[in-house]
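A.B. asks: From first to last, the protein sequence lines stand for chains A, B and C. The numbering of the first sequence is my numbering, which starts it at 1134 and goes up by one. The numbering of the second sequence is my numbering, which starts it at 469 and goes up by one. The numbering of the third sequence is my numbering, which starts it at 2 and goes up by one.
Derived by calculation from the structure, the hints in this document are not laboratory data. Glycine included, C-beta positions come from ideal geometry on N, C-alpha and C. Errors might be hidden in some of the hints.
[Claimed, not checked] Heads up, simulated EDC-like pairs for lysine to aspartate or glutamate below, C-alpha to C-alpha not over 16 Å straight-line:
| no. | chain 1 | residue 1 | chain 2 | residue 2 |
| --- | --- | --- | --- | --- |
| 1 | C | K607 | C | D580 |
| 2 | A | K1204 | A | D1264 |
| 3 | C | K591 | C | D580 |
| 4 | C | K591 | A | D1164 |
| 5 | C | K234 | A | D1264 |
| 6 | C | K607 | C | D542 |
| 7 | C | K234 | A | E1159 |
| 8 | C | K607 | C | E68 |
| 9 | C | K591 | C | E695 |
| 10 | C | K234 | A | E1191 |
| 11 | C | K328 | C | E394 |
| 12 | C | K234 | A | D1175 |
[As the list claims (entries may be wrong)] Heads up, incomplete: computed chain B residues facing chain A, CB under 8 Å, no partners named:
| no. | residue |
| --- | --- |
| 13 | F497 |
| 14 | Q543 |
| 15 | V556 |
| 16 | T559 |
| 17 | N565 |
| 18 | M570 |
[As the list claims (entries may be wrong)] Here are some, though not all, of the chain A residues that point toward chain C, as calculated from beta-carbon distances under 7 Å:
| no. | residue |
| --- | --- |
| 19 | V1170 |
| 20 | V1252 |
| 21 | H1270 |
| 22 | S1282 |
Chain residues, written in single-letter form:
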Amino acid sequence: MTPDPVAPALRHAGLNLRHASREEAEQVESDVFGFWVFLMSDAVVFATLFALFGTSLEATAGAPDLRAVVKLGPAFIETMLLLTSSFTFGMASIEFSRVHRLTRRHQRLAVRWLLVTWVLGTAFLGMEVNDFVTMAHNGATADRSFFLSAFTVLVGTHGLHVLTGVIWLPLMLLQLAGLGLDRPLKVNLIRLSLFWHFLDIVWIAIFSVVYLQGALR
Amino acid sequence: MTSPRLERNETLSLVLGYGLALLLTLVAFGLVVFHVLTGRQAFYTVLGLGLAQMLVHFRFFLHIDLKRSARADLQLILFSTLVIALMVGGTLVVLFNLHGRMM
Amino acid sequence: MLTETHGVAHVLLGNLTWAALPFVRAWRDPNVSEIIGTGAGAVVILGAIAMFALVTWLGKWRYLWTEWFTSLDHKKIGIMYVVLAGVMLARALVEAVLIRTQQAVAINAPGYVEPGHFAQLFTTHGSIMVFFMAMPFLTGLINYVVPLQIGARDMAFPYMNSVGFWLTAAGAALMMVSLAVGEFSTGGWSGYPPYTELAFSGGVGPDYWIWAISLSSLGSMTVGINVACTIFKMRAPGMNFMRLPLFCWTSLCTSILMIFAMPPLTAVTLLLAGDRYLGMHFFTDDGGGNMMNYVNMFWLFGHPEVYILILPAFGVYSEVISAFSSKELYGYTSLVLATMAIAVLSFTVWLHHFFTMGQGADVNAVFGIATMTIGIPTGVKIYDWIFTMFRGEVRFTPSMLFSIAFLVTFTLGGFTGIILATPPLDYAVHDSLFLVAHFHNMLIPGTLYGMVAGYMFWFPKAFGFRLNERWGRIAVACWVPGFFLAFFPLYLLGLAGMARRTQAVFDPAFRPWLYAALLGALLMISGLVTLFVQLYVSIRDRAANRVPVGDPWDARGLEWSVAAPPPEWNFATIPHVGDRDAFYWRKRNKGAYRAADHYRDIVLPKNSACGVVLGVASGLCCFGLIWHIWWMALLFGLLAVATIIVRPFMRDVTRVIPAVEVEAVDRAWLAQAHAARPVPREEEQSSLNQGLAEGFPELVAKRA
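Input sequences plus hints: build the corresponding full structure.
C.D. replies: Below you can see the structure in the form of structure tokens.
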């Protein structure tokens, strides 16, 4: 079996770099690495929000506290949705890496996996919106206390990121339909996949530190 | 073009990652819901399981491993982890110190 | 009507009323303070009109648009950053003079600036100097120089480079607009709540501050990503890390700091916005808010930020001192390790900015020790630079004079830093003029001298002619004594108990020191004027001082191996690097000024209006947010998002420079090089210097 010399990040969406010039390969590597760097700066934003959240747990000012606000059932379903969407995106990436000029089969499969990912992501968002609406009904709005502000902003920022992904994904499909699977689109798909997996990683921290901690109090 | 064996390995790797992540999630939720552990112990176990799951994601979904080709990405992630640990750890220490002295 | 809007007017204009204009405020309440505010607003408006008129009259709009604004070329963007910094430096220095004047005059007297205005002055002075002078200046130098030094054609992400610039420019525009429409924050450049919350600062001031800073910090984040990736991924073959010029090492560490330090700032300003716009309770007095979270998070950003400000200057000093000592940098490895140590350690010391705010002595002690530790790598660097000069053939060009002034002045300031790093001592001098003197002692001889030295060093490369040296020396003669006069009295005043940011003074014993400080400030602003005069004179005399061959200083890095100004594509062929001081190695090994064996087509990015649109839209969106003109914020916010979405759909984003053109330009330049007369260092300041350095006998290849 010949070892695959292509860098692992580049395996995500099959660039077949053996046919590309060295400059193009370097540019792609650079593009993907740049996105990794951006994700790390985003991770720092989330880290500061987590730290803020950690210091806010007691500052409830008479409004609902973490225990009152956390519902494990929806949190579990949301976790399953997002985790599965990471899996389906992974499957889409694998199919994209197998795209070959002789058959459209892999591309069609990839698009289907992406559509499933999109549905799961949208379902996640829908549930989260519902969570916030429920909280509002129970008087747990962000303007009542530091804790509720911190909770809303932490979970909400993650939600906004997922929303960005949910908008980004159909734009990718649009590009695919209109411009075909060319190199810029492949790089963009890699970036989207990194983004998507990154958001699932952040969610692990959220369900651990926010929801499970809440249920333990 | 990739060989069928490589293709199958890629898919298996993804399924394995998904399975591990699922397992770690179920254990974390399970031990809270079924009161297997409580209090501090439970929280730290949950955090540990979460950290393990993050590693699973990095390894199986993001293909960050110890291979040379992933080296720059791995170094970046490790450095980021250091900075985040300093920032979050430092913040918690400082704010809890202040909290203790003000209350 | 003057102070509130209703109905349709309210929907259209938000909180924007006639009273937002300083002229209206001065009309209603004429006093010296308001009239100064009117003057400032008038300068902005008339200045903008004058600039528009001038450009129109000269017919240069198309030129500006195609050659500069829409360019993705790192050299153009770098120059635009430096120009922005120069403009903002002028404004912030005027503000400094106003502050000094007020403090000199208001000794048991009202002075001429009201407390509210005074507070705006020191807030804008600090905010501009940090975010819209120093950051753009260093970003501009890094942008221009780094790709040339590593043997690349451009930055890794040229489009993102343009976006970053225009976001920063939008933030600067907001700062300028605040002079003419509304008012600025009175909360200092650090904007601590609860003072900057709605309860205590209900006007638009803090909102101007929040959005201007947010735009700038977003811009800086893109710069950090761009520079880091460029240095990691785009070095010429053979340029391994231990052959990187020191300026690139410091740029790399600066970019890492930007990547990790700007996010806490972005977070904290947006959280404050959450408090002010959405009624949240992060830092408010009520609802469980905790201002210490702000202080902590702000300085998580703020400390790495000051290292962002100083590291590029350290890089400049390494280049300048080595070049003008005619000697290779002493202790390269130690300099690299020191730079990396400073970068990492800078994340461990942030609490020293708030020793007095309630932590226990043990927590303070840890951070105090960490702070002192950072002094060690800095000291290593100072010694390395001194040893570089030792037994070198030192040429006292203005850049070198600034560097020497830095070595002395900055070290003195560093000592005061050790004092401040000791918590018990800090309790005595925190928030006094002693602190103000210390950080200006770091930033002016450190950052500013470095930026000016770098500007003078690389100006001939960027524009193809040398700067007038006499005026450069006059600038040094203004800045260096001016600095001592302006700030050393502040150390004494701080020790005597005078607090910072005070509009009025009550101890007549402070008078002579404050007068001295005012004199120093006037000297320093004269220094700025001389820099502008130098520029004018140099442009006037440019024909005599051209250095087209590109190496006026017999310097060492790859940036000197190309023409001055460089062709758009920097290098006709990407060089192979065999050693540190890559160009110097080539010159000494007959590898310089050789034609390539084979020229290839070069692919460069096309110009793009997207960066400009994104910047303008962001600026207008923020203006709408500041004044609660919601339709405006939404409209321009959507425009910004649309630009981000549309850009990736574009496929026709590059253009090709044909090999024949590359070859023609290269050969023409090489012909110039071969026809030029090499000059020894004694003649480098004369018009004989055409940019070709005298060296070993067969320096220039006989055959083109």
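A.B. asks: Given a cut of 8 Å on the nearest C-beta pair, is the interface hint for M570/B held or broken against chain A?
C.D. replies: 12 Å, violated
A.B. asks: If you draw a straight line from the CA of K328/C to the CA of E394/C, is it 16 Å or shorter?
C.D. replies: 8 Å, holds
A.B. asks: Could you grab the alpha-carbon distance between K591/C and D580/C and see if it respects the 16 Å cut-off?
C.D. replies: 14 Å, holds
A.B. asks: Within 16 Å, alpha carbon to alpha carbon, are K607/C and D580/C?
C.D. replies: 34 Å, violated
A.B. asks: Answer holds if the nearest beta-carbon of chain C is closer than 7 Å to that of V1170/A; otherwise answer violated.
C.D. replies: 5 Å, holds
A.B. asks: Given the hint that K234/C pairs with D1264/A, test it: the Cα-Cα distance must not exceed 16 Å.
C.D. replies: 44 Å, violated
A.B. asks: Please check whether T559/B passes as an interface residue: C-beta within 8 Å of a C-beta belonging to chain A.
C.D. replies: This interface hint holds because 4 Å falls under the 8 Å limit.
A.B. asks: Under 8 Å, Cβ to Cβ, is where F497/B needs to be relative to chain A, so tell me if that hint holds or is violated.
C.D. replies: At 6 Å from the nearest chain A Cβ, F497/B passes the 8 Å test, so the hint holds.
A.B. asks: Just to be careful, I want the Cα atoms of K234/C and E1191/A compared with a cutoff of 16 Å; is the pair within it?
C.D. replies: 46 Å, violated
A.B. asks: Does the CB of V1252/A sit less than 7 Å away from some CB of chain C?
C.D. replies: 21 Å, violated
A.B. asks: Does E1159/A lie within 16 Å of K234/C when you go C-alpha to C-alpha?
C.D. replies: With Cα atoms ~7 Å apart, K234/C and E1159/A stay inside 16 Å; holds.
A.B. asks: Taking 16 Å as the top limit, are the C-alpha atoms of K1204/A and D1264/A close enough?
C.D. replies: Holds: K1204/A and D1264/A sit about 9 Å apart, inside 16 Å.
When held up to the earlier numbered hints, the structure conflicts with 1, 4, 5, 6, 10, 12, 14, 17, 18, 20, 21 and fits the remainder.
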